[in-house]
Every structure is written in structure tokens, then in C-alpha cells.
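Put chain B on the given structure of chain A with help from the hints.
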Amino acid sequence: MDYSQFLAMRQELGVLIVFLLVFLYDTFMPKKALNATAGFTAILFLLFTVASFVWGNVGTVDAFSGMYSTSPVCSMIKNILNVGVLIVLIQSVRWTNGELMTVRRGEFYELLLVTLFGMYLMISARHFLLFVIGLESASLPLAAMVAMDKNRYESHEAAIKYILTAVFSSAIFMMGLSFVYGLAGSLYFNDIALQLGTQADTLLVVALAFVISGVGFKLSLVPFHLWTADVYQGAPTSVTSYLSVISKGAAAFAFLVILVQVFGQFYSAAWEWMLYALIIVTITVGNLFAIRQKNMKRFLAFSSISQAGYIMLGIVGCNEMGLAAMMYYILVYIFSNLAAFGVIGAIENQTGKVDMTDYNGLSRSNPWLAFAMMLAMFSLAGIPPFAGFFSKFFIFTSAINQGSTAIYILVLIALINTIASLYYYLLVVKAMYISPEEPQIPAFRSACSERLGMWICVAGVIALGIVSFFYNSIIEAAAGSNLFAFIG
Amino acid sequence: MEITMLYYLIPSLIMFCCGVYGFITRRNMIAILISLELMLNSVDINFAVFNRFLFPGELEGMFFTLFAIGIAAAETALAIAIIINVFRVSEKIDVSDVTKMKF
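Quick note, the sequences are listed as chains A and B, same order.
Residue 3 is where the first sequence starts when you use my numbering, and the numbers rise one by one after that.
Residue 438 is where the second sequence starts when you use my numbering, and the numbers rise one by one after that.
Chain A on its own, in the form it takes in the complex (with noise of 0.2 Å):
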């Protein structure tokens, strides 16, 4: 066996190499040090990230006779993810050195380096049977980090929620994985789309409909998103915005993979239609579910559904411009999304108070905490010049660059879609901004980590959109990628 293979996985390594010293680090030193452990794995991983946006990319490989491949596309959004997680660290870090969370801080941070391997695993794989074990490894421990939180109900309730319907989503994909193996005697993506010719069977359509039923869970699609909000009220705030950021980042990039790869040449036989129908109705259902929720994270989890709808709008154009998009839209999710989430997780670490009421007249008493959050709803609706506007332009533009009628009716939805988002994500910057009451929470200064975690969320809101860089550099990776070789 040739041992250079495993420099291909450099990413995955790394993640590894990082999780051993957090693990090492938590086991082996004296307590007093262990008060350190979240500013040491931040840093580990800060250091991880820019060496992986150094040495990261190492081109177009297949690794392990096919089973692994990784491109610079890869490796792209596995850094557009570090980013996301290198965030998340550092918002983490007042609550997990609270007085509950002393005792297990270090498995939380193990778990999450796990799930984020996991998740490298489900980008890269061009096997099904990796596939599924980092699928596995990325919902798997996502369940205990949920139900973190040992002496608030919720969290159990949460955690419960959570792991019978990833257990579910995992039955009913693998049993479409099943099907496919039966048709097709392969579980290498390559094979299946060479085996499976390009008559779509009936048998073949059940198995597809499964396939994206068991993604769907994950991503939360409508039909499916049912654990959603459950799930992301009830979780510790940290990971919350780990879950609705960086999971489904990396599920959306792996959903991609799937079905361009496996069932690329099926694209307008049996799923463009199926992809259509959970747009319109995931889009729709999140927004106007997202109207009547009090509770700021609720509110967030049925924003990030609606979100994760255009998401898929990227997928439906089939070509490179869509998956530059969609990449985009995703890194711009990331840092809105986080933004907003900072702010909460402050405000929930000091007073308690997660209700949209509490926030009536916080303009007056935190500003600074007011205007990082307006930033991030304005991004997340897409007001310009925020970075949320153009990655909704850009994932439009791929979309209808498609150019048949369905597509322009498709894109039609999603805009009308964004007029009514406007609407409850400005009730909060009404609450925070216009309303007359009292403010609810007291002046206060949020801790070191988290002032850090939410300036950078604002500059990333307001540099993303106005500076090309980014975008070149993602659509420039995008370009090169061979993924879009089978679509018919």
C-alpha cells in the first residue's frame, strides 16, 4: 500500500492531530491549566486554520482506489467551515468555563473536532460506505453535545428529539443506499453512475427519494425539519450555532456531491422535480413559521430552514456558477447566522433572557449588542450592502441561468419569499430599535471571546459583499472542479 496516500487527507489529519491534543491536554494536565483548555484548543485550531488554508489545497487527488478524493473545491469549503468553527470556539468560551460546565468542558470540544471530521469525511468521500460513517460521526456526537446542558430539562428533551430522528433519517437512507447497491453492485460514486445508465427506474426513483429524505433530515428540509426547532431551542446556545451553521454547511456541499455525482445523469428524469417541490415548500413553510415564534432561537431555527431552502437553490442549476453560489451563500450564512447567535448567547450567558420581548429598547441599553445583532438580521434578509444581499443575487443568478420557465417560477418564489423574511426579521430590529418599553437587560459588558467572536462576525457581514476577493477565490476553485460531468 502506498503510504502517500494519506497526505491527501492532509485536512482530516490536521482535524486529528488538533483533537488529539485537546484530548491529551484535557486528560493529562493538572487542574489549574485546565481553566485554559478553550483558549488552547481556539488557538490550536486558529493555527490549524490558516495552515490548512496554507497547505490545504493540494489539487485534484483520489486517494484509497477512489474511495476518497479531495479538490481544491474540497478543501475550500472545508476551510469556509474552519472559519465557521474557529467562531464558534471562541463564542464558546464564557460558557463553557461557567461554573456548570467546568467539569465537561473538555468533551464538548472533543465532540465538536469529532463531528467536524466527520464532516470532512462526508465531503470528501466518493464512497458510500465513508459516506455514511462520517454521516454517522457527525450526528452521532452532535446528540450528547445537545444535551450538554445536565440540569435544564430542555436539553434532555432536546437531545432525545435529536437522536431518534437522525437514527430514523440514517435507517431510511441506507435503505435507499440498499436499493442503489442492488441495482448498481457498487458503492463507489463513479460506478453507480456508470452502472446505472441513464434509464431511471422505477426501483432507482424509491431509492433516490430515500437518498434525499436521509440528507434532508440533516439539512432540514421541510418535509423533514421537524426536530429543527425543538432541537436548536433546547441545546446549549454554543451548539446551536454550531448545528445550524456548520452541519449544514457541509451536509448542503455533501448533498451536492451525491446527487450530481451518483445520480447526475437522472438530473431532469426524476429529481430536478423533487428538488423544486422541497425549495418551494422549505422556503415557505420556514418563513411563515418563523412569523409567529417568541423565543429568539426558535425564531432562528425556522430563519435558518427558510435559509437552508435557498441553500438548495444553488444545487438545482447543476452547474459551476451554482456551486460557487451556493458556497458563497453558505460562508455568508456563516458569519450572519453567528453574529446573531453571539449576541444571543451574550445576552442568554448574563441575564438568562432568550424571548423576543426581553430585547424591546436594547438600543438604549447595549448598543453595541443591538447593532451587531441588526447587522446580521439585515444580512440574513439580504438588505444591501450587507454580504446576505449578494449571496442571494449570486444563488439567484445561478439558479436562473438555467433558463427554462419552471426555473424562473422556482426563482419567482424564493424572491417573494424574501419580502415576507423582511418582515419578522425586522421585528426584531423593531423590538430592539423602535420599541418604546423599557429595556428589559441591563447595561453590561459581554466577556473578551465573545466582543472577539461578534466583531469578527461584523466584519465578515461587511467586508464578504464589498470585497471580490472572496468570491473570486471561491468561484475561481469552483471552476476547476470535474463534478458536473454526468448531468443530463
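A hint or two may mislead.
[Claimed, not checked] Pairs of lysine to any residue residues, derived as SDA-like cross-links and limited to a Cα-Cα distance of at most 20 Å, are as follows:
| no. | chain 1 | residue 1 | chain 2 | residue 2 |
| --- | --- | --- | --- | --- |
| 1 | A | K152 | B | N522 |
| 2 | A | K152 | B | I521 |
| 3 | A | K296 | B | T536 |
| 4 | B | K539 | A | T104 |
| 5 | B | K537 | A | G354 |
| 6 | A | K296 | B | M538 |
| 7 | B | K539 | A | W229 |
| 8 | B | K539 | A | Y155 |
| 9 | B | K539 | A | R154 |
| 10 | A | K152 | B | K537 |
| 11 | B | K529 | A | N153 |
[What the hints assert, rightly or not] What the simulated footprint calls covered on chain A by chain B, stretch by stretch (three residues with Cβ under 8 Å from a Cβ of chain B suffice, anywhere in the stretch; the number is not a length):
| no. | segment |
| --- | --- |
| 12 | 134-143 |
| 13 | 151-161 |
| 14 | 174-184 |
| 15 | 187-201 |
Don't read these hints as lab results, they were simulated from the structure.
Every residue gets a Cβ at the ideal spot worked out from N, C-alpha and C, and that includes glycine.
Below, chain B alone, put in the same frame as chain A:
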């Protein structure tokens, strides 16, 4: 009588449907977990049967089955740990009692 592939696939499909039915209708969390286990095991049967009858020269399906069994065990262990936690907090393992967060 020759035993063909169908004799394995139909029981496996029935198992899967029983699992889905149980997942939806059962109220006890342990029973839900058992239903999930039924679904996962029917997947294992499917893979093993397809491999044995359609592609006898290879072992890919068998390997997938082995890994799927391991994954199912991990899932069950984690789910039971969480159920125990829920029981400690609320003294109940009925899903109709775990409804504090809704809509």
C-alpha cells in the same frame, strides 16, 4: 423449492415497514428504539442478500453490513444514555410526556 432472493427481500421489507409503523405509533422510548433497530437490521439483510445473490464475487455489501451493525450499536448506546438522562430528570420515558417544547 428453490429459495430465491424474493424470500429474503419481502421479510426484510416487512421488517422495515414494521419499524416505521412502530416508530410512529409507540409511546415508550425504548419501544421506539427497538423499532429503529428493526429498520436498521432490515437494511443489513438487504445488503447481505443483494451481495449474496446478485454480486457473489464481491464483498462490498457484506462489509457495509458489518459497518452498519457497528453504527447501529453506537446509535443505540447513545440513545439509551440520553433516555436514562431524561428519566433521571423527569422520571418518565413516555414520549407524550416529553412535550415541553412545541410548535
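Give me the numbers of the hints this structure contradicts, sorted from smallest to largest.
4
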